[in-house]
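**Q** Sequence:
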Amino acid sequence: IECVGDEVKVWVNGDLVNHGFDCTAKKGKLAIQAEGSEVEFRKFELTPINVLGE
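Residue 7 in the numbering used here sits at position 7 of the sequence shown, with consecutive numbering throughout.
Read the hints as simulated data drawn from the structure, not as lab findings. Glycine included, each C-beta is placed from N, C-alpha and C at the ideal position. Do not take every clue at face value.
Simulated DEER-style distance windows between Cβ atoms [unchecked claim]:
1) E38 <-> D6: 14 to 22 Å
2) E38 <-> V4: 25 to 33 Å
3) G5 <-> K29: 17 to 25 Å
4) G5 <-> E40: 28 to 36 Å
In the DSS-like style, the derived pairs of lysine-lysine whose C-alpha atoms are separated by at most 27 Å in a straight line are [what the hints assert, rightly or not]:
5) K29 <-> K9
6) K43 <-> K26
7) K29 <-> K43
8) K9 <-> K26
9) K9 <-> K27
10) K9 <-> K43
11) K43 <-> K27
Take the sequences, apply the hints, and build the full model.
**A** So, in structure tokens, the structure goes:
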């Protein structure tokens, strides 16, 4: 999950699966959701990155 400026991009196994823009939230909680069945996560990492140019 990459959040830069007003854009959010989501990748699963290296594939871009969602791209949102004009987002207004600048901070908050991260929630992971699956619909229809249980889901398990084998490896989940959060890595803060600096905004390009900083």
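**Q** May I ask which of the numbered hints given earlier this structure violates, with the numbers listed in increasing order?
**A** 1
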